[in-house]
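These protein sequence lines map, in sequence, to chains W and X.
Position 24 of the first sequence, counted from 1, bears residue number 24 in the numbering used here, the numbering being contiguous throughout.
Position 609 of the second sequence, counted from 1, bears residue number 1609 in the numbering used here, the numbering being contiguous throughout.
Honestly, I wouldn't trust all of these hints.
[Unchecked claim] Partial list, derived from the structure: chain X residues whose beta carbon lies under 7 Å from chain W: (1) L1024; (2) A1449; (3) A1453; (4) L1454; (5) E1458; (6) L1492; (7) A1493; (8) V1515.
Hints are computed from structural coordinates only; laboratory data are not their basis.
We treat Cβ as the ideally placed atom computed from N, Cα and C, and that holds for glycine.
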Amino acid sequence: MMNSRHDDSAAAASGSEPVRCRVLLIEDDAPLRERFARLLQAWPGGQLVAACATLSEAVRHLHDGGIDLLVTDLQLPDGHGTQAIRLLRALNPEADAMVISVLADDETVVRAIEAGAAGYLLKDADSFELVEAVEELRAGRSPISSSIARVIVRRLGAPPPAPQPPLGKALTAREIDILWGIAKGLTYAELGEQLGISKQTVPVHVKSIYRKLEANNRAEAIFEASRRGLLKL
Amino acid sequence: MDANTSFTSLDQADSAPRQPVWWLLCLLLLAVGLLPLWSPLPEPQGGQIVTQATYRPPGATTSDTVTLPHRWYGFVDIRGVVGEYEVAFDLPAAPPAEPLYLYVPLLSQNVSVWLQDHELFNTETRSQQLGLSSGITMMRQLPGSQLHAGRNVLLLRLKTRGVMPGYLSQIHVGTLQQLATPYRARVFVFEHLRLMALACQLLLTTAVMVIWLYRPREPFFGWMAALLGISLLSYSGQFADFYPPLATTLPWTYMLGTASSFIPLILLLIINGTPIPRWLRWMPLLVPGLPMLLAASGVAPVQVLAVWISAPLNIAGMLGALGAAAWIALVRRRKEAWLMLIPLLMAGGAVVHDLLSVAGVVRDPIQMLIYYRPLELLGLTIILMRRFGQSLHHLDRANVHLREQLEQREAELSQLYTEEKRQAARQVRSEERRRLTVDLHDGLSGHLASIIALAERERTASIEHTAREALDDLRVVIHSLNVGDRELGLALATYRDRLVRQLKRVGIALDWSHVRLPDISNVTPTHALNVLRILQEAITNARKHGPATSITVRGETGADGTALLAVANDGTPFAEADGGVGAGLANMRRRAAQLGGTLAIEPLDAGTRVTLSLPTRLPEPPGDSDASQDQWLQSSELPGQ
Chain W
1 MMNSRHDDSA AAASGSEPVR CRVLLIEDDA PLRERFARLL QAWPGGQLVA ACATLSEAVR
61 HLHDGGIDLL VTDLQLPDGH GTQAIRLLRA LNPEADAMVI SVLADDETVV RAIEAGAAGY
121 LLKDADSFEL VEAVEELRAG RSPISSSIAR VIVRRLGAPP PAPQPPLGKA LTAREIDILW
181 GIAKGLTYAE LGEQLGISKQ TVPVHVKSIY RKLEANNRAE AIFEASRRGL LKL
Chain X
1001 MDANTSFTSL DQADSAPRQP VWWLLCLLLL AVGLLPLWSP LPEPQGGQIV TQATYRPPGA
1061 TTSDTVTLPH RWYGFVDIRG VVGEYEVAFD LPAAPPAEPL YLYVPLLSQN VSVWLQDHEL
1121 FNTETRSQQL GLSSGITMMR QLPGSQLHAG RNVLLLRLKT RGVMPGYLSQ IHVGTLQQLA
1181 TPYRARVFVF EHLRLMALAC QLLLTTAVMV IWLYRPREPF FGWMAALLGI SLLSYSGQFA
1241 DFYPPLATTL PWTYMLGTAS SFIPLILLLI INGTPIPRWL RWMPLLVPGL PMLLAASGVA
1301 PVQVLAVWIS APLNIAGMLG ALGAAAWIAL VRRRKEAWLM LIPLLMAGGA VVHDLLSVAG
1361 VVRDPIQMLI YYRPLELLGL TIILMRRFGQ SLHHLDRANV HLREQLEQRE AELSQLYTEE
1421 KRQAARQVRS EERRRLTVDL HDGLSGHLAS IIALAERERT ASIEHTAREA LDDLRVVIHS
1481 LNVGDRELGL ALATYRDRLV RQLKRVGIAL DWSHVRLPDI SNVTPTHALN VLRILQEAIT
1541 NARKHGPATS ITVRGETGAD GTALLAVAND GTPFAEADGG VGAGLANMRR RAAQLGGTLA
1601 IEPLDAGTRV TLSLPTRLPE PPGDSDASQD QWLQSSELPG Q
């Protein structure tokens, strides 16, 4: 699936049948919003649908449909970026979400990942970094930093709050090895060498880890909702 | 020790055997029990012995010559019957220098002594000799005025009653010196010892009764008190001496006394931990109740029932106890049971002796049971007291154990409390740190990012550059705040990720690997910041003064096990004369010293290498950690000035 999409974007880049990635941007800070809008408009692989300053504005666009990629800030004047991420993932499970962060406040980023985000971007990222991050994500690869790996590793041992299988059981042995390696500070190349895999495969595994985090979190959310009587199972 | 366990249960008593003491106790019992064998009573030294008498049985008119000692027997009237003995002794012509005494070592049950139609003495004035306390001794001065040279004849009117046989031992005539010692010895044994046994039993009864009142759920005490109390009934004959109505109820009190016959068996079962069968619990009521009912309904005379029903039942109870004691001692190999088996064996022997005595097979008329019943009680008392001692011993040990446990728990608790407090303080600090971090993210960092965006739009490169540097530096500070112990690798990786982007922007290649850096402990945010600042300074220098096109960062293990972090560039080799690096270098050295490490700067063929060597355990922060945090906040200054 990952590869086929990569092929799609490659096909798009080759220009035979331009299937451009439809992007929605949410950022409440005007200079930053304008800057990101500029960078995204310049990206040949995508098409900026809208640059929103509020959650409500973004929700309207999301309901209109057809969004492939959401790039969102977290703190918004009328809500939180994770709400938009959940809505996007519910409407279109194939779509990707990316968080814009000033710098990784790890817990916040991991919460966004649990909501369905698969990538994150620093607010001072230049055009090269942004394009690289977006294309990596569209190719099925997610970034991970040591501190985020550490936060997830800590969750592996912690007892789950609801009777769903603990995260440690949901992840494969390889994925757990990757998390530990990253948390120790290994580079993708070092890790790939150690595990006998290509350094390009590491971020593919990372995306899979993120998806499991999201699924686990959804199970927890459903359990929580049913416990409170909001949902009938 | 469990407070609910009965201290009379055997398992626990046997768990702390004190072998020598136990053997001593058994020997003591044996020695006391066999006293008559190894310590015979003294006999008169000299004087005359009369071995023949003329005997006229009760109610008869003719006399016979009999050999002394002599006994006669028949189921006799409770009021008593009298047999008469005429005994003769010869005196020399010369009047005796000292007064002469008549001494009868043993007789049953009473005698009045007549000389020439004068009654010299009647033992009945002292005691009626009712019940089991049969067999007395007698000594009396013969009045010199009524004695004469040649043959003197004494008339002894022997009176007996109840089931006891009439008995007269050989008769001695002699001086006080010759006769007094044997006489006194017999007075002690036949009178005083019996009363001493009674006194002991009374004391013991009181003691056990009190224990039972304070610990009623311990059945052993209840049964023991019952045994002791009921056994007192066998002394009622003696009390009849001064309370005559008791004399007529003697067969009844004997029947009542048999209530105790099965209690030793019950006590043994309790000692052994065996549940007492229901029927056995009723025996103390049935054994006396049945013959008493029969007697009251007039089926047979009281005395007949006492002899033919109560006595066998009494013996059955004793045999039961004997069997149980033997079983526990021999089969179950509980040494303690020997303390009961020995006196029970002796008491059994005494009963047999007494029966044979009553039946006339054995000549002497002394009822031995009155001596051996107390021995049985003595055995039980020893068991009881032994267990008391052991219980106290156990209690002491339990106390010591509990106290030790308590101290241990207290220590654990206080340690836990300290740890909890420390954890709570750490929690508070980390919470503060988190809040501060979030504030910096949302506030300052956001503003800086906006400035960068604006500067980029306005194309003011220097503002953009400065803003980026400010933001990067802020990130170094914030990230180091989040570094925990043994997480230096993580701090390095976070810095590396950022550095990769920075250097990419300016076209410098970065080759970074710290896989081989040893694990470093005692890492605090202050330490992490110091390490990052040194690296930052080294990289800045490489970029400014190099100018480098590639930078290599390596984490290694040094020859002496220290941790090495080396930053090498391919710029201009470092020269001491270069004054521009002076202030930065001093800062780096100061930070290295704070980390307990050293800093080395060396020129390469092409480029410069800065090597930071660190101990694998970083130094403790000076003083209180809170204070050091403050100090750290004050001392951390922005680089790049």
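Going down the list of hints, with the structure as the test:
1. L1024: violated (64 Å)
2. A1449: holds (4 Å)
3. A1453: holds (4 Å)
4. L1454: holds (5 Å)
5. E1458: violated (10 Å)
6. L1492: holds (6 Å)
7. A1493: holds (3 Å)
8. V1515: The hint holds - X:V1515 has a Cβ within 7 Å of chain W, the shortest such distance being about 5 Å.
In this structure, the earlier hints numbered 1 and 5 are contradicted, and the remaining ones agree with it.
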